[in-house]
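Enquirer: Add chain P to chain X, keeping to what the hints say.
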Amino acid sequence: MSALSAVRARLARKTRSSSGRLRVALIGPVALLLLWWLAFEAQWISYKLMPSPWATLRTLGESFAGGPLAADFLSTLLRTIYAFCIAAALGIPLGIMLGASRQLYTSVEFLVDFFRSTPATAMFPLFLLIFGIGDLAKIAVAAFGAWLVIFFNVAYGVMNARQTRILAARVMGATPGRVFRDVMFYESLPQTFVGLRLGVSYALVVIIVAEMFIGSSDGLGRRIIDSQIVYDLQQMYATILAAGAMGYGCNLLFLGLERWLVHWSGR
Amino acid sequence: MTIRGLSKSFGDAVVYDDFDLRLPLGKIISFFGPNGCGKSTLINLIAGLIAPDSGEALFDGRTIREITIGYVFQNYRDALFPWKRAIDNIRYPLELLGKSRAERDRRAEALIASFDVKFDLHRYPYELSGGQQQLVSIMRALAPEPDVLFLDEPFSALDYEMTLFIRDKLQEIFRATGVTMILVSHDLEEAVYLSDLVVLLTKRPTRVAEIVAFEAPRPRNTATLSTADFVAVKAHCLDVFQREVRR
Chain X
1 MSALSAVRAR
11 LARKTRSSSG
21 RLRVALIGPV
31 ALLLLWWLAF
41 EAQWISYKLM
51 PSPWATLRTL
61 GESFAGGPLA
71 ADFLSTLLRT
81 IYAFCIAAAL
91 GIPLGIMLGA
101 SRQLYTSVEF
111 LVDFFRSTPA
121 TAMFPLFLLI
131 FGIGDLAKIA
141 VAAFGAWLVI
151 FFNVAYGVMN
161 ARQTRILAAR
171 VMGATPGRVF
181 RDVMFYESLP
191 QTFVGLRLGV
201 SYALVVIIVA
211 EMFIGSSDGL
221 GRRIIDSQIV
231 YDLQQMYATI
241 LAAGAMGYGC
251 NLLFLGLERW
261 LVHWSGR
Chain P
268 MTIRGLSKSF
278 GDAVVYDDFD
288 LRLPLGKIIS
298 FFGPNGCGKS
308 TLINLIAGLI
318 APDSGEALFD
328 GRTIREITIG
338 YVFQNYRDAL
348 FPWKRAIDNI
358 RYPLELLGKS
368 RAERDRRAEA
378 LIASFDVKFD
388 LHRYPYELSG
398 GQQQLVSIMR
408 ALAPEPDVLF
418 LDEPFSALDY
428 EMTLFIRDKL
438 QEIFRATGVT
448 MILVSHDLEE
458 AVYLSDLVVL
468 LTKRPTRVAE
478 IVAFEAPRPR
488 NTATLSTADF
498 VAVKAHCLDV
508 FQREVRR
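Quick mapping for you: the protein sequence lines, in order, are chains X and P. Straight run, no breaks: the first sequence in the working numbering ends on number 267. Straight run, no breaks: the second sequence in the working numbering ends on number 514.
No lab work stands behind these hints: they were computed from the structure. You can take every hint at face value.
With beta-carbon atoms standing in for the labels, derived distance ranges:
{"hint": "1", "chain 1": "X", "residue 1": "113", "chain 2": "P", "residue 2": "427", "range": "46 to 52 Å"}
{"hint": "2", "chain 1": "P", "residue 1": "303", "chain 2": "X", "residue 2": "32", "range": "54 to 60 Å"}
{"hint": "3", "chain 1": "X", "residue 1": "29", "chain 2": "P", "residue 2": "365", "range": "52 to 58 Å"}
{"hint": "4", "chain 1": "X", "residue 1": "70", "chain 2": "P", "residue 2": "367", "range": "53 to 59 Å"}
{"hint": "5", "chain 1": "X", "residue 1": "185", "chain 2": "P", "residue 2": "291", "range": "37 to 43 Å"}
{"hint": "6", "chain 1": "X", "residue 1": "27", "chain 2": "P", "residue 2": "390", "range": "32 to 38 Å"}
{"hint": "7", "chain 1": "P", "residue 1": "285", "chain 2": "X", "residue 2": "89", "range": "51 to 57 Å"}
{"hint": "8", "chain 1": "P", "residue 1": "502", "chain 2": "X", "residue 2": "113", "range": "56 to 62 Å"}
{"hint": "9", "chain 1": "P", "residue 1": "365", "chain 2": "X", "residue 2": "74", "range": "49 to 55 Å"}
{"hint": "10", "chain 1": "P", "residue 1": "387", "chain 2": "X", "residue 2": "213", "range": "54 to 60 Å"}
{"hint": "11", "chain 1": "P", "residue 1": "365", "chain 2": "X", "residue 2": "132", "range": "53 to 59 Å"}
{"hint": "12", "chain 1": "X", "residue 1": "111", "chain 2": "P", "residue 2": "427", "range": "52 to 58 Å"}
{"hint": "13", "chain 1": "P", "residue 1": "387", "chain 2": "X", "residue 2": "111", "range": "45 to 51 Å"}
{"hint": "14", "chain 1": "P", "residue 1": "367", "chain 2": "X", "residue 2": "134", "range": "52 to 58 Å"}
Note that the Cβ used here is the ideal one computed from N, Cα and C, for glycine as well.
Only chain X is shown next, with the shape it has when bound in the complex:
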């Protein structure tokens, strides 16, 4: 699916000039902002639930520049990066190993599917018991969730390596080791990147929720809850936007990496 959208994006880039495309791409966000403003001004939605967009954006800018939001942003980002790195470091090699042997994969398929379908947030109490209240528990539970997503996608990519390419390498005299290194590894990369992108999003979701409910003194999740408790709506909306920006930025980063490193994907 991601390959398809990448192709579509590439096509769109070709057929339209970049400035023209930017103008079209801005229509949606600007329209939403206007709608928000209109809803606020006309009081379609009570100001107790929704502050003015301009005030929110101002708060976002001020608390980011002033420091407190930036500090929380950084803590959440760091936790997400730690969780993601642990997940990738464990998920990629294991995915390659299990993907290479269909039998091995089949033997753990149920477990993978089961735990992949289990919300990682359901594991909070367990992880609290094991790791205690603190960053470790949050990072561990996010890493656990992201790990399964990455592992599953990598294994899937390896398993679905195009048979013809493997045969082509084999007929040229490649040893199983070379087939693995020269063909299966590259064949698995597009799906690996799908896994990494999903994994980082998942890690962020879990980290934010963990910050809200597992005693935390900083982070965007903490900030959102705190501003809700004291009814600082502008702060809450601003922080939500900051969290959104982080998620979007991660996604963009991985899309860019993918386009650069896996240039053949979807072609």
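Expert: The following block gives chain P in isolation, referenced to the frame of chain X:
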């Protein structure tokens, strides 16, 4: 080339049962037969891509592992490595053979010169046209100077212009090197035009219906297609084919 007692079944479908065949090396040989008779299966068995249930293929007494082969797949898109530039695809089999960088470059240069390549081989396969990609596949297969070149319907995904071009290139290579070529074709005219020998196969379980020789001198060209000899050989092959299909 000797094939002895070759057997292969897929589930309940017996494709080959104690199949024997002797063919001379240093020729272009094509396999032609009814749909589903296992033409591709046969060259895959001979090339060692799939393991036979029993039997073996020998080349001058050597097994497939003891000779160098090249294999051109029908689907070039799935056979080339899109993460390598075209030129690196061509060099790859030489890398596997442990050739030095200088040797690899020399061999690739020689191939490029002999194929008179006009497009940029430093592009990635997906940036090339279908015909260009198949040309790269053929060059990759020829890079290690194989004893036998296997071609599994190499033209079926190409347009007519490119088909004609690559046919002629294959003839040129054959005249220059004398490499044995084993071709699976679904186009009788093409099979006869290119080959010294056309092996006509029966329906499953597959046997050899007849081996037909076509001895027109090379280089063959479009004029060959209207010679009496060509017309007669093709008509004969068609007769045998139709007889086998109806059986």
